[in-house]
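With the sequences and hints as input, model every part of the structure.
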Amino acid sequence: MAMTTTEGRHVVLAAGLGAALMALVLLANSCLAAGAAAPGPAAPTISPITVPATPPEDCGARDDELVVATGDDVSTGSVRREVIHEWNEVVIPSDPDSRLPGDPRAELLELSGSTDVRRAQMAALAQSGSCQYDVLVLDVAWVAEFARHGYIRPISLENDAGRFLRGPLEAGQIDGEQFGVPFAADAPLEFRRRDGRPGGYLLQLVDREIGTINYLEMIELGGGRVLDGDDRTRVALGDDPDDTWNALNSTGADAVMRESLTMDEDHSIVAFKEGRVGDRPVSAMRNWPFAFHQLAADPRMRGSDQRLRFEVRAPGTDGGVLGGSVLALSEHIRPDKVAPAMRLIGRLTGEEAQGRLFACGGYGPVLTSVYERYRAGGGPACPRQDGSDITNPSLAELATLAEEIRRSIELARPRPKSPY
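Numbering (mature numbering (1 follows the signal peptide of the UniProt record, and there is no 0)) for the sequence shown: -33 to -1, 1 to 387.
Take the hints with a grain of salt, since some may be wrong.
[Said to hold, decoys possible] With beta-carbon atoms standing in for the labels, derived distance ranges:
hint: 1; residue 1: PRO248; residue 2: SER271; range: 45 to 55 Å
hint: 2; residue 1: GLU53; residue 2: SER79; range: 47 to 57 Å
hint: 3; residue 1: VAL57; residue 2: ARG120; range: 20 to 30 Å
hint: 4; residue 1: ASP246; residue 2: SER123; range: 55 to 65 Å
hint: 5; residue 1: GLU318; residue 2: ASP246; range: 43 to 53 Å
hint: 6; residue 1: GLU278; residue 2: THR82; range: 25 to 35 Å
hint: 7; residue 1: ARG161; residue 2: ASP246; range: 36 to 46 Å
hint: 8; residue 1: ASP285; residue 2: THR82; range: 33 to 43 Å
hint: 9; residue 1: GLY344; residue 2: ASP127; range: 23 to 33 Å
hint: 10; residue 1: ASP39; residue 2: PRO248; range: 38 to 48 Å
hint: 11; residue 1: ARG267; residue 2: ASP246; range: 11 to 21 Å
hint: 12; residue 1: THR358; residue 2: ARG225; range: 29 to 39 Å
hint: 13; residue 1: GLY242; residue 2: GLU318; range: 15 to 25 Å
hint: 14; residue 1: GLU278; residue 2: ASN55; range: 31 to 41 Å
Hints in this document: simulated from the structure, not taken from any laboratory. For every residue, glycine included, the Cβ atom is placed at its ideal position computed from N, Cα and C.
Right under this line is the structure:
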């Protein structure tokens, strides 16, 4: 980790994200005390990787399938798969995004493993020139890497861009071009139990991806800034570096629980439901919007009157990290599949699908119109499935959630667009 000084009293740390930010927590005290050190090496120049040419007939594609590669569906139901299934089965002649006769059927391929493992799988196939995947559901953190290395191709939204919230739209832009169509918006939310017991605050620090995000947010909330250069991400600590160090150790009046070091999103949800980790009480948790549906569906999180035993709110100040996913076209998609793929992307980012993905799955909408419908007292609710004992959020609960998600998105700052 190299250190240099900038104007004023800011200390700038030049490093790759991930493990380097983990090291920041361990070394912050000594770094802040030491002040500035010698400048580090210049950031390397990024050049696209040369992708081997693969004959179309050998690239692994099937004529009758349009493969959508994604990670696990984090919703309480398989709502993404249902939406894609309906695109396959229901033809609406008046809908420009409807599947046409002769179009390949869309198949959702859920890749297993951690976030980093899934990214590596997609990148490895792209490097080999494979056209096995046609549409990629990419974490916004991966867009820079996939675009600059030539794994995905630019997409023209023409006059369609105005439908999207600005933050998610810009997350899919690299070097002035649109490479990803916003699909789901993620921004941090605070979940707080209503039982009034004092307790600790849960973060998720075990996974490199989500741990990086948590540390970035603590730096920003503590007065620091994450600076996005062309090829190198830097962290600038605020005028009072102690504020950043304090933010890394606590959140408001709630001490961050040490158990956060061994927790991912799912484990922290379980601990929040139980209200304790071992013999230590839990009062609050930072998590993504999808956690709301998982909590609301658990009978333990509702009182006898069905009122939620927790509340959700956006951060009280800016400094959250804008996450989410985009839909991208593989650079190696066969030419005859581009038009059907764009029709599928249009359906998945349409108002009906976005409302359903939110109401039934907890995916943050990317369209302004969906938030406006909930604000006006409308918006879809998720129907209860026959034979299911899952309690879906009510329309009023969804309206509150939508309002807090939008506020958090507006307060959040974009992920650094580094190819590392």
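What are the numbers of the hints that this structure violates, sorted from low to high? 1, 2, 7, 8, 10 and 13
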